[in-house]
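Visitor: The primary structure of each chain is shown beneath.
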Amino acid sequence: MALRIDPEKNEVRALQQVTDWRGKRVLEVGCGDGRLTQRLARLGAHVEAIDPDAERIREARKNMPKGLRARVHYSVGNASKLKYRNGSFDLVVFSWVL
Amino acid sequence: MVHALHEAQRVLQPGGLLIDLRPAPVHRHIGISNNGSYRELGVMRENLGDDWAANRAVQHVVAEGLFKPAWRSRIECDRVIDTYKEFQVWLAEFVELGRMPSHDRLAKRVENALAAARGKKKIVIRAPLILRVLEKLG
Numbered sequence: 002m003a004l005r006i007d008p009e010k011n012e013v014r015a016l017q018q019v020t021d022w023r024g025k026r027v028l029e030v031g032c033g034d035g036r037l038t039q040r041l042a043r044l045g046a047h048v049e050a051i052d053p054d055a056e057r058i059r060e061a062r063k064n065m066p067k068g069l070r071a072r073v074h075y076s077v078g079n080a081s082k083l084k085y086r087n088g089s090f091d092l093v094v095f096s097w098v099l
Numbered sequence: 157m158v159h160a161l162h163e164a165q166r167v168l169q170p171g172g173l174l175i176d177l178r179p180a181p182v183h184r185h186i187g188i189s190n191n192g193s194y195r196e197l198g199v200m201r202e203n204l205g206d207d208w209a210a211n212r213a214v215q216h217v218v219a220e221g222l223f224k225p226a227w228r229s230r231i232e233c234d235r236v237i238d239t240y241k242e243f244q245v246w247l248a249e250f251v252e253l254g255r256m257p258s259h260d261r262l263a264k265r266v267e268n269a270l271a272a273a274r275g276k277k278k279i280v281i282r283a284p285l286i287l288r289v290l291e292k293l294g
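These protein sequence lines map, in sequence, to chains A and B. Take any residue in the first sequence, count from 1 to its spot, add 1: that is its number in the working numbering. Take any residue in the second sequence, count from 1 to its spot, add 156: that is its number in the working numbering.
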């Protein structure tokens with residue numbers, strides 16, 4: 002479906018005000034098709050992006066521009082049982098999850 | 157929800173930030189944009205119970221002393237759909253998820269407004285987002 006979320010990019014402008022994302026280790030929970038993931042990677046973050054829906058993860062991988070591949074890793078995962086060690090991330094983003 | 161917040165707290169480094177980004181607990185406004193001007197057609201009546209439950213979960217982990225609120229902002233955010241058929245699919249997903257009753261009258265208004273509009277037109281769903289930043293304590 003051709004649903005465009007936040008074409009004005011107000012969301013990413015607000016996120017830029019939160020912190021300097023360059024070089025930050027970020028876990029994005031609920032990445033869906035990777036719309037926000039790409040925006041965070043373009044701000045310079047290294048993003049580990051998870052979603053419980055394997056189909057959405059396949060879509061996110063397919064959508065990812067080549068230039069962002071070094072900074073983004075997608076995997077299937079659940080917010081209630083994160084497979085990462087304690088203290089692994091500078092930021093955790095709950096993207097329309099709670 | 158509280159368990160997911162506990163997990164986020166565990167994987168964050170001390171002083172790390174949790175960003176909770178999601179639609180504000182308000183009803184969505186539906187309209188059409190035609191040659192750059194917006195006309196509102198109605199307001200959805202979706203169930204906001206999950207949104208309030210999420211707010212309570214955040215309050216819970218703050219009260220536990222795991223996080224402290226650092227920042228909060230409201231962001232205007234549009235969702236744009238080009239065709240009535242796609243709008244119907246989007247609405248149907250809400251109904252299937254049990255988040256609202258059927259919105260047939262609103263859908264009909266959108267269909268009629270689209271048919272009457274000339275030039276470049278699109279359906280606009282207006283609903284702000286809340287960006288909440290919590291800092292991990294300890």
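It cannot be assumed that every hint is accurate.
Claimed, not checked - With a Cα cut of at most 30 Å, we get these calculated DSSO-like pairs of lysine-lysine:
hint: 1; chain 1: A; residue 1: K63; chain 2: B; residue 2: K264
hint: 2; chain 1: A; residue 1: K25; chain 2: B; residue 2: K224
hint: 3; chain 1: A; residue 1: K67; chain 2: A; residue 2: K25
hint: 4; chain 1: B; residue 1: K278; chain 2: A; residue 2: K10
hint: 5; chain 1: B; residue 1: K241; chain 2: B; residue 2: K224
hint: 6; chain 1: A; residue 1: K63; chain 2: B; residue 2: K224
hint: 7; chain 1: B; residue 1: K264; chain 2: B; residue 2: K241
hint: 8; chain 1: A; residue 1: K10; chain 2: A; residue 2: K63
hint: 9; chain 1: A; residue 1: K25; chain 2: A; residue 2: K63
hint: 10; chain 1: A; residue 1: K63; chain 2: A; residue 2: K82
hint: 11; chain 1: A; residue 1: K82; chain 2: B; residue 2: K241
hint: 12; chain 1: A; residue 1: K67; chain 2: A; residue 2: K10
hint: 13; chain 1: A; residue 1: K63; chain 2: A; residue 2: K84
hint: 14; chain 1: A; residue 1: K67; chain 2: A; residue 2: K84
hint: 15; chain 1: A; residue 1: K25; chain 2: A; residue 2: K82
hint: 16; chain 1: B; residue 1: K224; chain 2: B; residue 2: K276
hint: 17; chain 1: A; residue 1: K10; chain 2: A; residue 2: K25
hint: 18; chain 1: B; residue 1: K264; chain 2: B; residue 2: K278
hint: 19; chain 1: B; residue 1: K277; chain 2: B; residue 2: K264
hint: 20; chain 1: B; residue 1: K278; chain 2: A; residue 2: K63
hint: 21; chain 1: B; residue 1: K241; chain 2: B; residue 2: K278
hint: 22; chain 1: B; residue 1: K241; chain 2: A; residue 2: K25
hint: 23; chain 1: A; residue 1: K10; chain 2: B; residue 2: K276
hint: 24; chain 1: A; residue 1: K25; chain 2: A; residue 2: K84
hint: 25; chain 1: A; residue 1: K84; chain 2: B; residue 2: K278
hint: 26; chain 1: B; residue 1: K224; chain 2: B; residue 2: K278
hint: 27; chain 1: A; residue 1: K10; chain 2: B; residue 2: K241
No lab work stands behind these hints: they were computed from the structure. The structure displayed is predicted, hence computed values, not measured ones.
Visitor: With reference to the structure, classify each hint as holding or not holding.
Guide: Checked hints:
1. A:K63 with B:K264: Not OK: A:K63 and B:K264 at ~35 Å, beyond 30 Å, violated.
2. A:K25 with B:K224: Judged against 30 Å, a Cα distance of about 20 Å means the pair holds.
3. A:K67 with A:K25: Given that 30 Å is the threshold and the Cα spacing comes to 20 Å, the pair holds.
4. B:K278 with A:K10: 18 Å, holds
5. B:K241 with B:K224: Violated - the C-alpha atoms of B:K224 and B:K241 are around 44 Å apart, more than 30 Å.
6. A:K63 with B:K224: Violated: A:K63 and B:K224 sit about 37 Å apart, past 30 Å.
7. B:K264 with B:K241: 12 Å, holds
8. A:K10 with A:K63: 22 Å, holds
9. A:K25 with A:K63: Distance of about 24 Å is within 30 Å: holds.
10. A:K63 with A:K82: 25 Å, holds
11. A:K82 with B:K241: Judged against 30 Å, a Cα distance of about 37 Å means the pair is violated.
12. A:K67 with A:K10: 21 Å, holds
13. A:K63 with A:K84: 23 Å, holds
14. A:K67 with A:K84: 26 Å, holds
15. A:K25 with A:K82: 22 Å, holds
16. B:K224 with B:K276: The given pair, whose Cα atoms are some 46 Å apart, is violated under the 30 Å limit.
17. A:K10 with A:K25: 21 Å, holds
18. B:K264 with B:K278: Status holds; Cα separation ~15 Å.
19. B:K277 with B:K264: Status holds; Cα separation ~16 Å.
20. B:K278 with A:K63: Answer holds: B:K278 to A:K63 is near 27 Å, not above 30 Å.
21. B:K241 with B:K278: Since the Cα atoms of B:K241 and B:K278 sit roughly 12 Å apart, the hinted pair holds (cutoff 30 Å).
22. B:K241 with A:K25: Violated - the C-alpha atoms of A:K25 and B:K241 are around 41 Å apart, more than 30 Å.
23. A:K10 with B:K276: 21 Å, holds
24. A:K25 with A:K84: 19 Å, holds
25. A:K84 with B:K278: The hint is violated at about 42 Å.
26. B:K224 with B:K278: 41 Å, violated
27. A:K10 with B:K241: At roughly 25 Å apart (the allowed maximum being 30 Å), B:K241 and A:K10 satisfy the hint.
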